[in-house]
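Protein chains: 2
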Amino acid sequence: MGHYDCPCMEKCPLQHAMLLIGGKWKVQILCAVCNAGSIRYNALRGKLDGVSNTVLSSALKELERDGLIQRQEFLEVPVRVEYRPTERCRTLLPILEALSDWAEEDMK
Amino acid sequence: MGHYDCPCMEKCPLQHAMLLIGGKWKVQILCAVCNAGSIRYNALRGKLDGVSNTVLSSALKELERDGLIQRQEFLEVPVRVEYRPTERCRTLLPILEALSDWAEEDMK
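Protein chains in written order, with full-length UniProt numbering: chain B, 1 to 108; chain E, 1 to 108.
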């Protein structure tokens with residue numbers, strides 16, 4: 001946000017960021033997938049206390065579309081699917097950690 | 001996010017952060033108020049291309065309630081109202097700047 005005049009006038013990068021990570025459960029999904037490195041759907045759901053199947057599957061689809069999560073299918077019977085963070089997600093992680101630390105301070 | 005088991009199981013700080021800043025236009029409002037230091041309602045609205053009065057006034061109320069923005073009334077005729085970032089908002093600013101830089105990279 002270098003220039004004096006707030007970027008709100010042009011396409012705001014913060015608006016873009018919120019579109020990517022602001023949706024329900026998205027930051028928790030990113031955090032769980034990054035922590036695990038690679039995780040299957042049911043294991044991921046188990047980590048996300050209270051998330052519904054509908055919300056989780058649509059959030060995963062959007063995170064995959066937006067290039068933050070990678071979905072990998074293993075041709076086994078039954079098919080095995082795993083989710084991994086992409087490199088772009090890994091570059092976001094330190095910012096999410098700083099945001100988490102700030103929020104933890106805020107919750108005291 | 002120090003402990004291995006993702007914080008999603010307990011009260012997640014990232015969830016708390018998203019509740020504070022995830023709402024529509026909130027990060028742009030924080031960015032505009034921080035850039036200006038102190039700003040009046042109409043001037044703020046002018047910086048936020050396309051925001052409606054309803055969304056702006058409810059977001060300002062929530063940001064004030066959540067301690068990120070300070071509303072100050074000057075007893076003049078007519079009454080003058082200015083919005084300022086709180087100290088807690090200032091501590092959030094570097095994280096928003098990092099998120100903005102990450103998103104700007106992402107938009108290329």
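Check the hints yourself; a few may be wrong.
Said to hold, decoys possible - Below 27 Å or equal to it, Euclidean Cα-Cα: the simulated BS3-like pairs (lysine-lysine) are: (1) B:61 / E:108; (2) E:47 / E:108; (3) E:47 / B:47; (4) B:11 / E:11; (5) E:61 / E:47; (6) E:47 / B:108; (7) B:108 / B:24; (8) E:11 / E:108; (9) B:108 / B:61; (10) E:108 / B:24; (11) E:24 / B:11.
Said to hold, decoys possible - A few chain B residues that face chain E, going by a derived Cβ cut-off under 7 Å, partial list only: (12) 14; (13) 52; (14) 55; (15) 56; (16) 57; (17) 59; (18) 60; (19) 103.
As the list claims (entries may be wrong) - Some but not every residue of chain B turned toward chain E, in silico, with C-beta under 10 Å: (20) 22; (21) 53; (22) 62; (23) 77; (24) 78; (25) 81; (26) 105.
Honestly, the hints are just simulated from the structure, not real lab data.
Here the structure is a predicted model, which is why all the values come from computation and not from measurement.
All C-beta atoms in this analysis are idealised placements derived from N, C-alpha and C, irrespective of residue type, glycine included.
Do the hints match the structure? See the list:
no., hint, in the structure
1, B:61 / E:108, "holds, 22 Å"
2, E:47 / E:108, "holds, 24 Å"
3, E:47 / B:47, "violated, 41 Å"
4, B:11 / E:11, "violated, 33 Å"
5, E:61 / E:47, "holds, 18 Å"
6, E:47 / B:108, "violated, 33 Å"
7, B:108 / B:24, "holds, 23 Å"
8, E:11 / E:108, "violated, 35 Å"
9, B:108 / B:61, "violated, 34 Å"
10, E:108 / B:24, "holds, 25 Å"
11, E:24 / B:11, "holds, 15 Å"
12, 14, "holds, 4 Å"
13, 52, "violated, 14 Å"
14, 55, "violated, 13 Å"
15, 56, "violated, 12 Å"
16, 57, "violated, 17 Å"
17, 59, "violated, 13 Å"
18, 60, "violated, 15 Å"
19, 103, "holds, 4 Å"
20, 22, "holds, 4 Å"
21, 53, "violated, 16 Å"
22, 62, "violated, 14 Å"
23, 77, "violated, 30 Å"
24, 78, "violated, 26 Å"
25, 81, "violated, 19 Å"
26, 105, "holds, 8 Å"
Checked against the numbered hints above, the structure breaks hints 3, 4, 6, 8, 9, 13, 14, 15, 16, 17, 18, 21, 22, 23, 24, 25 and satisfies the rest.
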